[in-house]
Amino acid sequence: MASLHTWAGLVPGWLLFVIFLFGTVSFFNDEISRWMRPELQSGSVSAQALDRAAHLLRERAPDADSWNIALPSARSGSALTISWIPAGASWRERRELTLDGISGREIGIRKTAGGNFLYRMHFDLHYMPVMWARYLVSIAALSMLVAILSGVVTHKKIFTDFFLLRFGKGQRSWLDAHNVTAILALPFHLMITYTGLATLLFTLMPWAISANFADSAAYYESVYQPAPQPSTAEAAPRNPPLSEMVARAEQVTGMTAGTISIDKPGVAGGTMAIWPLGDRLGASKDAVYIDMSNGELIDAHHHVGGAVATHWTMVDLHAGRFSFPVLRWLYFLSGVGGTVMVASGLVLWTVKRRAKLPDPTRSHIGFRLVERLNIGVIAGSCTGIAVYFLANRLLPVEMASRADWEINSLFIAWGGVFVWTPGRPAKRAWTEALAACAVLYALVPVVNALTTARGLIPSLIAQDWVFVGFDGVMLAMAVACAFTAWKVASHKAKAAPRRKVRAAVEATL
Amino acid sequence: MIHTAIFLLSLSGFILLLLAMARHQQDWLGLKLSPVISRALRLSGFAALALSFAVAGVDFGWGYGSVAWFGWLTMAAALVVALNVNRERILRKGRP
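Going down the list, the protein sequences come from chains A and B. Residue 122 in this note's numbering sits at position 122 of the first sequence; the count goes up by one each step and never skips. Residue 71 in this note's numbering sits at position 71 of the second sequence; the count goes up by one each step and never skips.
Only chain A is shown next, with the shape it has when bound in the complex:
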């Protein structure tokens, strides 16, 4: 059981760290997006803006194949976005306009990958086909489940040592840190891993669909309510304002509107689909359809089965989009616990084996590989995220494929850590990488204050808690990295007891 835990944790460990880190960050996906689009003002979409959006679409694209209106949530960092597909064109040729959520006026905002990239990185990774990434992530998540369950058995003292965290005792301290972060948020770790696998359900088990349906499209058609046929009644179209129809749909169904799509908007008697934002635990993810001619909801009497409802609830639990700010923070902090758990497990592997090395200066290749990967992945990915935020503020606004370059900056910085650290002794490498990481995180609020009008002090005055909180988390991250770097630098390796050394030397002979 112990070796199962060791290897199920170590082999996918670096990928698990990346998944945990980016997943944890993604609980604040919308807040990060808002920070990364400082031109946007906060606040929910006004009825006036919605009607202006509809007016713009009627004016610019009266004969389009379809219209799409994406509404940001009250906490969201995306703009009110309207897009349309010109008649006969494909989805790739769609046109897009960004509007201010309050006035409905067209606005220009910097191109950014936003929090959404960090979220996609969590399960789609980057620079590789999405399906490959998802298979890798699925395997890692399965190993995680095995590692958690075998870990409860292996570290059998976790319940008697529940409250124990002893510092300054080398391997013992690392074990304590690993155990404490694991056990304190154990319900979260189990839930997030299991529901994570549930979100990848059809990647892992496509056969449930292929055994029962002709293709996956047929499956989705049977789960989601089919779009109703537009009414053919001769009644003169009343064409109520868009805001009125959305408000009505929200009032009747209790949903929060997320995306609105209108097919064949030029044809009289069309229908409009309103997709929910998904901010309620276990709520339907099905669209609500509205008859455009009179603004009435079309009740299709569509009910989903228990299995689909369970799946939807699991996905909601995993993503936590339903949570109010307090619960969101709890999700985030539990996620930080998980990230530290994975990192401490990885470091523990090396600490445990370093003590057994006959000569610490000469280690075998496997040991060196794990040690270097630990530095490169743990310090590297954290550095990358800091640079990603800096790039958002520093790259020229008019730069071509700016959003892509934000992402590239993240990986260039991460790669930089990988190139820099192998040439340094392990301890120096950790110290330098973590110190660089701390400096970069500390720079984020500074660069933000210099390049935008939304620095810490103006945000405090405006009581803009998203911006204040973002700067706060960056500073906390800088302090955490600096503290760890200082701890590593001031750490003096204790000489292994003679008895142990002799035993180890004898074992190698």
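No lab work stands behind these hints: they were computed from the structure. Be a bit skeptical, because a hint or two may be false.
Claimed, not checked - With a Cα cut of at most 30 Å, we get these calculated DSSO-like pairs of lysine-lysine: (1) K356(A) <-> K487(A); (2) K93(B) <-> K427(A); (3) K356(A) <-> K157(A); (4) K169(A) <-> K156(A); (5) K487(A) <-> K93(B); (6) K169(A) <-> K356(A); (7) K111(A) <-> K356(A); (8) K32(B) <-> K156(A); (9) K356(A) <-> K264(A); (10) K157(A) <-> K352(A); (11) K169(A) <-> K32(B); (12) K156(A) <-> K93(B); (13) K487(A) <-> K157(A); (14) K352(A) <-> K492(A); (15) K352(A) <-> K427(A).
Since the structure is predicted, the reported quantities are computational estimates derived from the model, not experimental observations.
Use these hints to put chain B onto chain A, whose structure you have.
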């Protein structure tokens, strides 16, 4: 407000559970309590955790409430661990 109640109930639950353990009794109180008292502490600790779950469920609904309860449980336990790490510092301050 409800969040505070859930948190404080979980916190007292974990403190009671901590004090029900022989090792921590020695550390914090300087003596070992009798098995009867230890069991009473353990039971009341679990009762406090159960009560905090009930508060969360009744006020937030059982779905949202249970997610929030697990979150606060983690935070409360983390605070108890933090207190335990700084035990000597705290005890030194408490002494006249």
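Verification of the supplied hints:
no. : hint                : in the structure
1   : K356(A) <-> K487(A) : holds (22 Å)
2   : K93(B) <-> K427(A)  : violated (36 Å)
3   : K356(A) <-> K157(A) : holds (23 Å)
4   : K169(A) <-> K156(A) : holds (20 Å)
5   : K487(A) <-> K93(B)  : holds (26 Å)
6   : K169(A) <-> K356(A) : holds (16 Å)
7   : K111(A) <-> K356(A) : violated (52 Å)
8   : K32(B) <-> K156(A)  : holds (24 Å)
9   : K356(A) <-> K264(A) : violated (71 Å)
10  : K157(A) <-> K352(A) : holds (18 Å)
11  : K169(A) <-> K32(B)  : holds (26 Å)
12  : K156(A) <-> K93(B)  : violated (34 Å)
13  : K487(A) <-> K157(A) : holds (27 Å)
14  : K352(A) <-> K492(A) : holds (16 Å)
15  : K352(A) <-> K427(A) : holds (16 Å)
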